[in-house]
Amino acid sequence: MHHMLHIKNGIVVDPKNGINAEKMDIFVKEGKIVEESEVDVKEAKVIDASNKLVVAGGFDMHAHIAGSKINTGREMRPEEMRTVRLIAGKFRASIGRVLLTSPAIGYEYAKMGYTTAFEAAQPPVGALHTHEELDAIPMIDKAALPVFGNWHFVLKYVAEKEWEKLRAFLAWALERTKGFGVKVVNPGGVEAWMYGGNCKSLDDEVPGFNVTPREIITGLIQETENLGLCHSVHLHCNNLGTPGNYQTTIETMKLASKFSNDKRQVLHVTHVQFNAYAGSSWRDVASGAAEIAKYVNSVDNITIDMGQPIFGHATAMTGDAPFQFTLHKLTGSRWSNKDSEIEGGAGIVPIAYLPKNPVHALQWAIGLELGLLIDSDRVVLSTDYPNGGPFTEYPYVMAMLMSKKMREKELERVSPYVQKATGLAAIDNEKTLYEIIQMTRSLPARVMGMDNKGHLGIGADADIAIYNLDPLSIDTANDFEAVYKAFKTSAYTIKGGEIIAKDGELVKEIWGRTFWVDATSNASIEAIDSDLNEMFEKYYSLQRQNYGVEEAWLRKPERLVMG
Amino acid sequence: MLKLKPKIDFEVSVEAEITPQLATLSSDEISNFQVYYGKEKTKLGDLFEISKEGDDAKLVLDGDFSMVKWVGARMDDGEIVVKGDIGDHLGAYMTGGKIVVEGNALDWVGAEMKGGEIVVEGNARNYVGCAYWGDMTGMSGGKITIRGNVSNYIGEKMGGGEIEIFGNAGDFIGTEMKDGTITIHGSCGFVGGDMKGGVIKVKGSFEVVPGFKKVEDGFEGDVNVGGKGKITQF
Amino acid sequence: MPETKEEELTNVICTFCGSVCDDVLFDVEKYKGKKFCKLGSAKFSKKERIKAPMIDGKEVSYEEAIEKAVEILLNAKRPLLYGWASTVNEAIRLGVILTEKVGGVYDQCASVCHAPGTLALIEEGVPGGSLGEVKNRADVVIFWGSNPMEAHPRHPVRYSVRAKGLLIKDRKDRKVVVVDVRKTKSANMADLFIQIKPGYDYPIISALRALVKGEEDAVPDEVGGVSKQQLKELAELMKNAKYGALLYGLGVTQSRGRDRNVENAIKLIQLLNRHTRWIIWPMRGHYNVVGAGDVPAWEVGYTYAIDFSRGYPRFSPGEFAANEVLQRGDCDAALIIASDPVAHFPKASVAHLKKIPVIQIDPFPNMTTLISKVVIPSAMAGLEAEGTAYRMDGIPFRVKKIIDTEYWSDEKILELMLEKVNEKLGLR
Ligand code: SF4
Ligand SMILES: [Zn+2]
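Protein chains in written order, with the numbering used here: chain E, 801 to 1363; chain L, 117 to 350; chain V, 14 to 441.
Next comes chain E alone, as it looks inside the complex (with noise of 0.2 Å):
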C-alpha cells in the first residue's frame, strides 16, 4: 500500500532547510517527504494544516527508555504504576505516572509529536534485553548507545595504548550488541566503584589498571573519530553530582579541542545540569552554568543536552553507580545497583524534585540557564528521562525557554535560594519558536548523525508533526500556555508517512524500526581476536559464542553501515 500524503497549507519550520515559518505544502510518499511531481495529488490523503505548525518530529536523542535500569525500576517502584493512561481495547493498555511501560512509552512519544528516540544507555552484555524491550516500544523508531567508559578492553587497550586494538573492539563491540554509538558513563570511576571508590577528577588512576578518565575520554574521542562513526562519543562526565563539578565538566570539554569532524560535534555532553555546579558543599552550591555556556559557545566541536529537572516524580538510574550510592546515602531512599561482568555497572533511586528545596530548585534553574545561554545549534533539549522527570513535559521546558513571563511566574513559586545562586531570573533571552525546533528536531539529528531525521527536506523520512499553533500569530513570550498546550498533543503525528496519532489520540499502531551501526569494515577485527578470546575466558561468566545479539532476532533493524 502506498501512503501518500499531501499536507496542506501549514506553516513550516524547518531549521536545517533555513526555513523559517513558511507557508508550504509538504508531499509524502513510501515514508518520504518527496517533491509534488512525485506524488499523484489526486490519489493522496489531504491534511490540512492551515495556521498550523509544520514540523519534523521530534527526535528525543537521551532518555532510558528500554533495558534493565528502567525495567528495575518499574520493578522496585509499583507505586509508579498505578497512573493509567489508555484502557486496554484497539490498543494495548498504557500505564505509568513518570515511569512508563513499553507500549506508554511509544503512544506517550506519539501523542506528543515525537517520533524517534534513543536509548541512552546499553549495558553491553544486556544488548539484548534492551533491544527486546526497544522492540516493544511501538509508534517510534530507536536505537542504543552501549556504554564503554569502564569495560576492561577499553582500560586495557588505552592502558597500553594499542589504538588499532582500540577501535576494533570499538567495532566489534557496536556490531554485537546492535548499538549505535559510544557512550560513557564516568569513565574509570564505575571501576573505582568496585572497590567502593570514584574517579572523581581526569587525573584519577583507575585501580587495576594504569590509566585515568582524562586518558580513557580521549582515546575513545580519536577512535569514534577514525572509526567515522556517525555519532560522537557521548559522555556522562566523572564527577557527576558533586558542589564544584562544573570544573571537571569543563575540563573534560577541552579534552575534545584537538579534534575535529566537518559534520558534527566530536564530544557530546549529556545531561550537562547534572554536572554544572559551582561552590564546595550542598551549603554554597551554586550555578557553573554560565562558564560551560560560555564555554560551549566558543567552540564548535562540543554539543550538549540539557539534563531538565522537572518538579514532581523522577527515578534516578545511570550507569553510574557510585553516584547512585551516594544519592542513596543523601536522601535514604530505595537504591538498586548492577555490578555488571567486566563492563562497568548502574544503579537506580527515586527522587522527586520539589520546588521549596533549594537544591532541587537550583537544579532546575541550571538546566534553564543552560538551555537560555547555550547557541540553539549546541544544546538539545532533554530531561534525561526518567532523571530529570517525564518527557512527557518537554513542553513544559519549551514554553519556559520561549518565555521571561512565564519564567518569572515559575520563579515566584520556587525556592528564593535560586535567586542569589544563580543567574536565572536575570536572564532575558527568549528562545524563538525556530531555535526550540532546532533543540528538538533538526540539532539532536545532527547529533546522532541521522542525515534523514530532524527536518522536512526531499529525501527526509517521512516523520511530521502538526500542532496546533500558527506561528505567524503566536506571541510565544507571552502566550505560553497556548504554547504549552499545543505542544503537549500534536494535530497530527505522522511516522513514516502514517497518521498515528491525531489530537492527543492515538489512530494507528505501528513499529518503527530500531538502527545500529556497523562500523567493522573500518577496523581489523582479528586483531583483538585473541584477546576476545582470552579475556571471555578468564573473565566473563558466559561464553564469547553467546555474547550479543543477532540482527535476526530483532523485530525492524535497519543497520548503517559507516564508509
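Zero decoy hints are in this set.
Below, a list of computed lysine to aspartate or glutamate pairs in the DMTMM-like style, where the Cα atoms sit at most 25 Å apart: (1) 121(L) <-> 171(L); (2) 43(V) <-> 397(V); (3) 1156(E) <-> 1212(E); (4) 177(V) <-> 1331(E); (5) 121(L) <-> 345(V); (6) 155(L) <-> 80(V); (7) 119(L) <-> 233(L); (8) 155(L) <-> 879(E); (9) 330(L) <-> 235(V); (10) 1308(E) <-> 436(V); (11) 312(L) <-> 879(E); (12) 329(L) <-> 246(V); (13) 823(E) <-> 1275(E); (14) 367(V) <-> 156(L); (15) 346(L) <-> 228(V); (16) 280(V) <-> 295(L); (17) 330(L) <-> 246(V); (18) 188(V) <-> 1337(E).
Calculated from the structure, these hints are not laboratory results.
Guided by the hints, dock chains L and V with the ligands onto chain E, whose structure is given.
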C-alpha cells in the same frame, strides 16, 4: 439507609467501591452503580437486592460479602454495617465515618486510612492498617479494632492512629512504624523491626527483634534506624 | 562406539535451572548432553512426551485445541494464566498480552518461590551484581538458605565457589559461608557453616545489622540459635570482605519472615556498602523465572500477581497470586504453561483447579495433564525451539533450537491464540 443482599453465590470476586454516600442517591442511581464481577462491568442492581429506607448515609450489607472487595474505600462519613463476612480492602484510604463488620474480614483492612473507625467482630488477615506496595506510610489516623485474631503485617509503616487487636497476631507488628499506637491483647510474633517511633503494647508473649534496648518499662528502638519506638507489655 | 569429540558436538544453553549454563554440549545423534549436571542431563534426554493436542483426552489438531482454549478463556469471568518460568520471553510476552486481552490474571512461578525478593526490591531496591562479578571479585560468598550443590549444581564451579577470575585466582582466595537450618550438601563445601534455628533469619539479620553498626548493646547473647560471639565474628568477616556476595535461597523466602527476611538482608547489604563492597542476589530456580517477571514489567508494569479485570494491570500479591486466586475460588478457568501446579500446589488450590476448565501447554506430561480439559504439547525450548531467557542475574541468552520437531513452539501456540482472541474481540 440502604440495604444490599447478594442475589447469587459469587463465582469470582466482585469489586464494589461502595460508601455510605451511596445510600443518599436515588434508587435508580443506586441500582445503576457500576461494579465489577470478574472482568464483567455490571450494575449493583444486577448482583444485589437493593432496599432503601430513607436518605441517611448508612449501608447495611446483609449476607456473605467475603468475595466483595473495596467496600468503604475512601469513605469520609456515614456508617457501614456488614452482617456477615467482608472481602479485601475494607475501608482502605478512608478518612471518616464508621464501619462495623459482624463477621470476619480479609486482607488490607483500613490500609492507608487517615480517619474514622473500623470494628471487626471476628478475625482479619494480613496487612491491617498497612501501606500499599511502594507507598511510604500506612495508616495515619483513625482507629481499627479487631476483636478476633489477625495474621501477619499489622500496622506497618504506620504514621498515626490506633490499632487494637483483642486476639492474637502473627509476625511483623509495627515494622517501620513511625507514630501511633498498636495494642495487642493476645500474643504475637516478631515486633517492631526498624521501628522509628510510636508505641506497641502487647499483653501476651511476643518476640522483640534485636535492635531494641531494654529500658525501664519495656524496649526502645530500633537502633538500626536510630529509632525511638516503644514496646511494652501490659 | 567411540566417544564423539567435543568439537563435533553442538553448543547449547541449558534450560533447566537459573544458572543457565551456556557451555554445555549436545550430541544430536545420540540424543545426549555433555558437561551438564544431573539435573540438566535429565532435561536434555529422551523423555515421555505428550503425543498430540487433546480436548477431553481426545486427540485433535493444534488449531482445534487452540480454538477451544480461546473459547474457554473468553467465556471465563476471570481466567488465571499461570506458569511461564520455564518458557522463553517471546512466549511470555504473548502470554502477558493475551492475559490483558482476556481480562485475566497473570501469575508466574516466582509467586511460590522468589516473589518475596520482588517485594523486598519494592521496599529497598536491590544492591546486586552479575555472576561474572562474583566470579571475578567476591572474596566472601555467603549462601543463606540456599543450597547450590543440590539446586544449582554447576553454580559453585562456574560462578561462586571454585570459579576463578580477575581478583580471585584460587579457591583459597575466597571464603565461603553457608547459613542454613540444616547441614546441607552445600554446607560441606563451605569454609564456615552456621546453623540457625528455623524461622529466625529475620532477627539474626537484625542482629548483624546492629553489630555492623556498632550497637552491641542491642543484641542479646543468643539469637536464633547462634551465639552473640559467633554473630560478631560473622559481622567482622562481612565488614572485612573486599567484595562480598550474599546469595540467598528459598530458605529465606519461603520460611517465616519471607519478604521481610530479604528486605532485612538488603538493609544489611546497604549498611555494609558504607564500609566495603557487598552485593546480594537471589538464587532463582527455573531457567527463565527472571524473564517471567521482567517481560510483564516492561509490558504492563509489574512482575507477577497481575489482574487485568478492569482492562488495565493491577498488582496485588495477596489477591492475585495463583494460590490466593485458587484458594479463594476466585477464577473460573485456567491456562497453565510450563508448570505443574497439581503436583506442587497445596491441596486447597488443586481442589479448585479440578473444578474449573484447565488448558495446559507443556512439552511433557505431568500431574496437571491429568486434570486438563485442553492439552497442547509444545516444543522444548533450548533444544527444539529458540528464544530468549534470562539467567538468574538477569543476563540474557538466546537459547537454541538444534533439533527439528513437529511440535509447535510455545511462541507459535500463543501467537495463534492471541490472533484468535483478537479476531473474536473484533480487534483485527
Ligand atoms: S547447573 Fe542448572 S543450568 Fe547448569 S547444567 Fe545444571 S541444571 Fe543446567
Ligand atoms: Zn542519561
